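Colleague: Below are the chains, spelled out letter by letter.
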Amino acid sequence: MEYTIDHQTAYYYPDNVSESYTVLHLQPRSDHNQFCTRYVVDVAPHAQLHAYVDRFGNEVQHFAILPSHDRLSILAHSTVVTLLESDPPEPVEATRSLLDADLQLPRLYDFMNESTFVRFTPEIETFWRELDIPPDRIGIWCRNVSRHIHETFAYDTEATTVRSTVREALSRRAGVCQDFAHVMIAVLRSAGVPARYVSGYIFRGESQVLGAEASHAWCEAYLPPHGWIGFDPTNDLLVNDHFVKVAIGRDYRDVSPVRGVYRGSKHAEMSVNVAVDVLASAQQQQQ
Amino acid sequence: MLDIQPATAALRHYDELYEAGGLPRPHYAPLAATLDWIGRDEIMARVQAINTALLLRGVTFTVYADSAGTERVFPFDVIPRIITPDEWGRLERGIRQRVRALNAFLHDVYHSERILREGHIPRELVYSSKNYNREMIDVDVPRDVYIHVSGIDLIRDERGEFLVLEDNCRTPSGISYVLENRDVLKRGLPDLFRDYAVCPVDDYPARLLDVLRYVAPTGSAQPNVVLLTPGIYNSAYFEHTLLARRMGVELVEPRDLIVVENIVYVKTTQGLERVDVIYRRIDDDYLDPLYFNPDSTLGVTGLMNAYRAGNVALANAIGSGVADDKAIYRFVPEMIRFYLDEEPILRNVPTFDCTDPAQLQHVLANLDQLVVKNTNASGGYGMLMGPYATAEERERYAETVAACPRDFIAQPVVQLSSSPTLVDGRMVARRVDLRPFALFGRSIEVPPAALTRVALRDGSLVVNSSQGGGSKDTWVLQA
Amino acid sequence: MLSRVADSLYWLGRNVERAESVARILDVNYTRAMDLYSQRDGRSEALWRSVMQCAGFRSQYKTASNGKAASDVFGYCAFDESNSTSIVSAIRIARTNALSIRAELTTEVWEVVNVLYLYVLDQNLASVLREGPSRFLRRVRDTMQAFAGTSDATMTHGDGWSFLQVGRFLERAYMTARSLEAVDVEHEPWHESQRLLEMCHASVPFAQSSHRAPDARDALEFIVRSQDCPRSLRFCTREIDLAMHRISRSAEGTFANDAERRLGRLRAIFDYTPIDEILASGVPQFATQLVREYEALSSDVQAAYLPRLPVTA
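Residue numbers (the numbering used here), protein chains in the order written: chain E, 1 to 287; chain R, 288 to 766; chain A, 767 to 1079.
Wrong hints could be hidden among the right ones.
Pairwise CB distance ranges (calculated) [what the hints assert, rightly or not]:
hint : chain 1 : residue 1 : chain 2 : residue 2 : range
1    : R       : Gly597    : E       : Ser271    : 33 to 41 Å
2    : E       : Thr157    : R       : Pro637    : 56 to 64 Å
3    : A       : Glu1018   : E       : Arg263    : 33 to 41 Å
4    : A       : Thr873    : R       : Gly597    : 37 to 45 Å
Treat the hints as calculated values from the structure; they're not laboratory data.
Keep in mind it's a predicted model, so treat the numbers as computed, not measured.
Here a beta-carbon is modelled for each residue, glycine too, at the ideal position from N, C-alpha and C.
Pulled out of the complex, with its shape left as it was, chain E reads as follows:
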């Protein structure tokens, strides 16, 4: 599938701010599952963009606006071709013994331990004890975890904030995609399965998927021999060609789409608008 994505973030600062420095994780990744063919960012007031590739391979841009300003708008426009199947196979071959024998494992320390948002609280273990103990076939177990979160958590945009921890989401059994992903990552990591956070987009299409109105988030587990497999606990889906991957990290903190520091009052209004559309393919145009 080929998508165009418009991701607009706007801030209004009633008391004016200055020296604002902003870091963006908005550029879709190019890897063997998808290819980003176009990416343009417009910033107002005008700013010079600088770029680097972070340690997870994410393309990062950053900019600064130094004089006093009361608004900041960031519009990221990208075009992405996704190559996954629409109904990918279940990771049935993944086993604990294959994982334990995997040579990559020692390097995955960051995806097996706690991070800012992912904490191994006692509640995490209690939560996954509601399921079966991870069997040797951990691919299937990951699917069960995803389903269990989907079934026992309420999707509620009021329940949590962007700074909420796993503990808060767990105690309310509610949250948004970010919380669902964090809970699943915490469960997988505390059970010894490497897991990482993915931020991106999901195409709504005809189906009633959740998380399409803004950027979406899900979880990837390292499951040899399949490699990294994406699970979306918000919709209980295996990641397919409706998903566009933007950035990977330990948790939200590593990949928040727009992050910044400025001088001035904390008081700010923010709005985010995301539109994901299917681009008519060349073939369809000929018909």
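With chain E's structure known, arrange chains R and A on it following the hints.
Modeller: Below, chains R and A alone, put in the same frame as chain E:
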């Protein structure tokens, strides 16, 4: 006058002054004679004058535990500590070797991880270090130098051999005391120097400036170097002002700097001026709120971006603290063998690894004979001196260690060497350590400017300024 | 020079001058108040109220009894840490600024400030009042005057020293304007103008400058327009202007920033406007306007040496 009382603790230790036979070592004999000749009363009068001079100069440090943030004078003992050219030569070689290996280690852990891949150091130990800075992965630093300034803490064991107690690879302080101690002693008790050829210390700032200029990324002939201080309430603020003044560079606070399009500038009355090199005396966490502690109001926003882009040099490099993590310490001899293919010249103090269950058991069972240190603390904070602690203190400490073994290491109590010291007008033996400083630029140098700290309390083995320690002028004799 | 260093030198200069001015004002009035102890006509109350006003206390000040008033006012103006213009506060602020630019100061200048700071830390209101405040006030004034001498004699007379001068003379002009505002010369002309002269350290120069029997208006003119008296408004404003021009390297009679423009306007008043015209709308009105002018000048000076932040083209 040098007829000193033995230390009360009847433990065997190396005596810097007396040989086994009870005679002063040859290099102390002229000093002993001079002290006798000057006489006790005169010396006490001079001590008084020297202390007044130190207070007026503001040679102070701030005590954090004290809520008022009181400034105190670092007690200065006028009896110098003397190091022979032979002893110094060996220390110099040993420190150069050690710093070269530590620097290679830092480059390695932030790039190809060879030492981890080949299994010489456990990965978890590096990745779990609080000072392993992930923003530094794959970042190239100017001239591949990470540890521009280091302070290597040494103690002498019972046989007089210098052992490395810890490495300080972040922002080691103490050099200002070295410079000021020498200056006030030369003015206050010039006679002491009469029979000695002591290596001068006052070219240290010029040598440090050479190092800082060498790492300037722009290749500019006149790189702009600044010294970045957290401000007047920092415990080492006096040192920052002294070094800035002696090097002739601007002493800046974070609010004086601004990053514009990935280039660091300093705000001056004539406009913005580009900065090439920052000798920073602020911890990593507080350098840039955009990438590190977001709650920090200190810091230069965007500094990490400028650094990553190669537009500014930082001394020391961000992330160099992983090399002086106390849990990594015991692997330094291994690093020397691995990177340099040499045998370590200076030995470590034997160290127990609390992350190893068997060793942890041993540590917990023998707390009364061990020193236990927090791997992420310095300055003598958060440490347990087993033999001197109460049973209750040990019990409480054991619980903390068992809860988080990665945060602790344990070592046997090493009896530090003793040096003659004036306390309340009497000459007594007090325990000392030694901190030479290494400068890493074009090459690694160890200027003969070392800090001797002395535990002023009888029998105490803790020399930190925050724990009742003082300092001495350290004489490295010319060969 | 770093903008922050310039700023700290400016505030160091201001606070040193402030400590000295407040000490002098207290000394003058403490002595004068002794003459008024026996009188119950409210003059002593008015005197202490004017001191409070000089020291920056704006709201209505109520006195209890004369003896109590003296120690209240003295406590507030000398030792109250919540009053940023008290002697102790001024010395503390001066010392904090000096510490933050320690590398820019000579050892001698630093020691003058540090030694006085250590001295005032040891003092308290009760003991100072017990032994009579003169000794304490004298020590403060002496040290602060020594600061002026030491900084002139040991510092390079470059931009840093010029910023120090700007601070010192701006504070001096400001305190003179405040004294002018606080002392009611029209109510009791001769007596009050003498007090004003003393508070401005100008009574002897004034007496020497005058060859006929002087009146209160002459005294006012002297404080405003004297060419040579180092505390006259004209003198101080000229010194600020010269220092600012040394820093900006712009020619005298031109301006490079808002501060220099304001200074030019002020100098024109002091240099060319007849005193009767200056005071036409009333002394207190003129004084209040001046106080505002110097406050605005202070902001202008600070703005002149903070770099503007660049806009991306």
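Colleague: Each hint should be assessed against the structure and marked as holding or not.
Modeller: Okay, the hints, checked on the actual structure:
{"no.": "1", "hint": "R:Gly597 / E:Ser271: 33 to 41 Å", "in the structure": "37 Å, holds"}
{"no.": "2", "hint": "E:Thr157 / R:Pro637: 56 to 64 Å", "in the structure": "58 Å, holds"}
{"no.": "3", "hint": "A:Glu1018 / E:Arg263: 33 to 41 Å", "in the structure": "37 Å, holds"}
{"no.": "4", "hint": "A:Thr873 / R:Gly597: 37 to 45 Å", "in the structure": "39 Å, holds"}
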